[in-house]
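*Asks:* Protein chains in written order, with my numbering: chain A, 1 to 309; chain B, 1001 to 1309; chain C, 2001 to 2324; chain D, 3001 to 3324.
Errors might be hidden in some of the hints.
[Said to hold, decoys possible] Short, incomplete list of chain C residues facing chain D, as computed with Cβ under 10 Å:
#1 T2096
#2 G2097
#3 P2139
#4 S2173
Honestly, the hints are just simulated from the structure, not real lab data.
Glycine included, C-beta positions come from ideal geometry on N, C-alpha and C.
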Amino acid sequence: MDLKEWFASRQKRKELQENIKQPLTTEEYCALWTQCFQCRELLYTKDLRANLQVCPKCQYHFRVGALDRIDQMADAGSFVELDAVMTSTDPLKFFDTEAYAKRQQEACRKSGLKEAVVTGIAAINGQPVALGAMDFGHFGGSMGSVVGEKVTRLAEEATSNRIPLIVVSSSGGARMQEGILSLMQMAKTSSALKTYHEAGGLYISILAEPTFGGVTASFAMLGDLVIAEPGARIGFAGRRVIEQTIRQKLPADFQTAEYLLKHGQVDMVVERSNLKDRLSRIISYHDLTRTGPAGEPANGTVKSGQLTK
Amino acid sequence: MDLKEWFASRQKRKELQENIKQPLTTEEYCALWTQCFQCRELLYTKDLRANLQVCPKCQYHFRVGALDRIDQMADAGSFVELDAVMTSTDPLKFFDTEAYAKRQQEACRKSGLKEAVVTGIAAINGQPVALGAMDFGHFGGSMGSVVGEKVTRLAEEATSNRIPLIVVSSSGGARMQEGILSLMQMAKTSSALKTYHEAGGLYISILAEPTFGGVTASFAMLGDLVIAEPGARIGFAGRRVIEQTIRQKLPADFQTAEYLLKHGQVDMVVERSNLKDRLSRIISYHDLTRTGPAGEPANGTVKSGQLTK
Amino acid sequence: MMATNEKKIIPLEFEQPLAVLAQQIEALERQLGDNPDLEGDIDRLQEQYTQLKKSLYVNLRPIDHLAIARHSQRPYSRDYFAIWDPGFIELHGDRTGADDEAMVGGLLTLGGIKMVAVGTQKGRSLREKQACNFGMPQPEGYRKALRLFRHADKFGLPILTLIDTPGAYPGLSAEEHNQAQAIAENLFELSGLTVPVVAVVTGEGGSGGALAIGVANRILMLEHSVYSVISPEGCASILWRSNDKVSDACQAMKMTAREILQLGVIDQVIDEPLGGAHHDYQLAASNLACAVVKQMTGLMKMSKEEVRRDRQNKFRNFGAFTEV
Amino acid sequence: MMATNEKKIIPLEFEQPLAVLAQQIEALERQLGDNPDLEGDIDRLQEQYTQLKKSLYVNLRPIDHLAIARHSQRPYSRDYFAIWDPGFIELHGDRTGADDEAMVGGLLTLGGIKMVAVGTQKGRSLREKQACNFGMPQPEGYRKALRLFRHADKFGLPILTLIDTPGAYPGLSAEEHNQAQAIAENLFELSGLTVPVVAVVTGEGGSGGALAIGVANRILMLEHSVYSVISPEGCASILWRSNDKVSDACQAMKMTAREILQLGVIDQVIDEPLGGAHHDYQLAASNLACAVVKQMTGLMKMSKEEVRRDRQNKFRNFGAFTEV
Ligand SMILES: [Zn+2]
Ligand SMILES: [Zn+2]
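So here's chain A without its partners, still in its complex pose (with noise of 0.2 Å):
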């Protein structure tokens, strides 16, 4: 399903929900009301949602699907999907107690995306960017040859269109049933950054709940500026591995963003709320057009109608 088609479905639950007053089944009902996982509270899903998934009693910043990121991200409509259609094979033929194939039309259903980022050009308050966002919920966020491809191309996008890079992870890290394929995504996706910081370009990385593994230990740790999402846990080992490595008790806030800001690992953690502004102002402090790729002046400048290929 590609963003047209879920904003089309979404309308029509809208639509839908107005329309028919029967009384709920167990599972609407359910879905009618969220746990807040942190203070508890009960809240009411639709008002979760409309404070973009964070409890509006303690801040807890739940995690947000890909889709719901660039919809709170992107101005609205600007965003054109790239690569849509791009589904992983299985070369290893990956059998565990189930088989790869099996699993990942399970992780379709589940997440309603066909992989576990998603990426495309967008506008943030009128400024175009290229713009990715991943999905834990698909496949716990792993990083197969999909999603590397696909932010490897979303760099490269970004290169040769010369705007802003912003890529949302939330990963669990490598995807296992790709076996080394998966592990050469983390070189191929810095590499292609590595072309795009050359040319002069502009990735604020953003880590959202959670990030590990091979996904920080690539791309997500590359931004040129580094912003977390507050209480969102990020690494590169889990925490239970450490513990059993180290046999020793790790600090409660171990791994959260507000760790890592205090071990000088990230650049600034921002609520959710000020995300889409705090974005806006950064890039307003870098000029793409003013620095080529060998630090000289760009010969062209940015048209807003040439973004995409």
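Chains B, C and D with the ligands: place on chain A using the hints.
*Replies:* Just chains B, C and D with the ligands now, with coordinates in the frame of chain A:
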């Protein structure tokens, strides 16, 4: 006294010693013997010098004066001194318990040098290099305008001749008597090294007992490769200042070459007897005629006849 | 930001005569209701006060400048940033393990110029002071600054640095983490930047720890700020072997703004409000802003290569020697 | 360097049948003096031994390769460097506080080619193993490697990396010092180098910790080495939720040299001495040297820009997906 004079006077001294067989004065007798600072062994000074000022018993590396250092490192007769007559003026008319001008005279008398660094072009196993050696015996090896200027010019000489640059540091830090101008030498030398670096130059910094303060925090720590002599004490702040500040005892080996090696600050610790050979082998890995300013092959090659301006 | 209007200014030792006069005036004013004849006395004292104040601050000894530069109410980098740009976007961390609070930096707009601003920070409350290590950065702080310098260079953003530090921190882990290398690398990299750099000594310019963010195209100093190769206390204890000779050391080292201007090391001395920047944050910030914007505007007309050469030439020429 | 001639080789579990045969032969040989008729039996057993050995090593399961790759007597980076170049000049440290012994590097001459060599190191004795953190580098180790890569790039020296690591270290300070960023930065910088890079997996190629020195123009693997996105133990515990399924995980992940060659990720599988590199250090080192020198020689004919593009294109093409 420049190097030629020094060699001449050394020769004269040698002849004198051999010809005149009169009883020694106390001063002469004391000069004949040196007690090892580390193992307390009484060493015949001549033997100690023949052993590159290293105690044959405990391998303690005594301080070496600039001229002896050059003698140890450069191929015999290859050294051509640069800026031999440069001396400091007294820009601040500095007076503490004594005038700076007076202190300078005193320093020259003691060291037999005009300033705390001797620089020039030399050959190391036939390979032309720009070579500088500091002398702690002259004004505590402190860096004033002259040291800064001579090191800067040496780097410029290395840049224009595309030859390796080697500086042996031994210094208590910046020279207070030249105030803010001394401080600025840190930036001046670092800036010249930046230009040399971008031209693809190879700079090997050798840290000898002791290297501290503004010298460590500028050219001494900017080597492509950094080599320390065994036991040399190297740091920014002095041990006593740190102990007074943090009010705790420091490890016994704190700020020694070996401690720095363990803490990743130097590439290697090399015994004085191996130093020349090691330098020669390192240089053989770095063909400066191969890489030009933009990382592209250089147009010309260095001809050894064209080394000095 | 400290609101000077609400807080009483703490007088320095050399300002005691002024403080005594002020107290007398105050006492008389309290009696004025009972005895209107005092008005003449008050006027006379007030006149005396104004005269004394003016003469006091034109005849300051170097050690008096030092006292003002170190005044606990002196505005710090964060104060200037906050006054200049409420939208200042702070950027944190060295990316490798620490966010040194003694070094503050971020994206700042000043006089319409978008820039990267970096400054040392001393801290106001005891807790802040400790967090900021009394303005003495660790190697991690210098590396954080370097990260921001490189960011600025990549995106063509001019750089402003504010210097107010006793120097680098003489500590165990600072040495273990190679603060000498951290400082040296900053000198090295700053000298190669292709964007304009303006540095201002706003308080104490303490040796290599100050210079590490001070390799600039234009170096400015606030009127009462000081800049020296070693702290006067350190100088006195080494050269005079005495802690009583701090004033002599201040004198000998020529560390005040005007003396350093005369030595040709800095480009401009910026006036402070009478008595020092802590008497009027707004005015101090505004004087500083004017000077910075003016210098920056001039530098921004240069090409990248020119701006780099300009900075390198400036430092290339420092030194006093003869060759005869 | 371990002298294999003097030290008994420790048999692996799957090699037990071989070990039993060897013991029988040995026992018979001891009786040979008393009973010369046994010679025929010995010959027969010897023949059987040779046959078994051959067949054993052609039908290895993935988990058997893993066992050989992890063999405690397997040659490590320092062993190769020492055999290849007794004059290897080791370079230490990250310049900012640590010299990670799990990452070794320096100036090496191999087949007449002067290069920068970097490798992970596991350590042989218990003390060494601990010093080397069992071959798991800390962020400081990756940064040390990066420093050497940059040195090589500056001076046009080709780079050889040897990979034998369980992966990056899952520890507290490793996370605090941002090992994710350290690894990412290596991927980033390696991809931009203008000198040839050849990487060889000599033992365990453990996920991101291996890749951090593995972004090369040519990637080679020793015959029994393995390379995987996660350790098989980790994979088994996550996907099968069982520690008994390590063999299945090895099978499923396709982590052996030949499988990875088939997937197109590596360029060459290098033969090991029969039974594994630990049976003959000299031969292993020589096979490895030949392969490296051949690849390097080819790469050194490229221009700087070509060599960089070659590496970037290689990684650009990894991935399996459809767009319909
Ligand atoms: Zn809540
Ligand atoms: Zn001795």
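*Asks:* Indicate, hint by hint, whether the structure satisfies it.
*Replies:* Here is what the structure says about each hint:
1. Evaluation of the C:T2096 hint against chain D yields a held restraint, the C-beta minimum of about 5 Å falling below 10 Å.
2. Look at C:G2097: its Cβ gets to within about 4 Å of chain D, closer than 10 Å, so that hint holds up.
3. Residue-level restraint check for C:P2139 holds (minimum Cβ-Cβ distance to chain D is 7 Å; threshold 10 Å).
4. For C:S2173, the interface hint holds, the least distance from its beta-carbon to any beta-carbon of chain D being 8 Å, beneath 10 Å.
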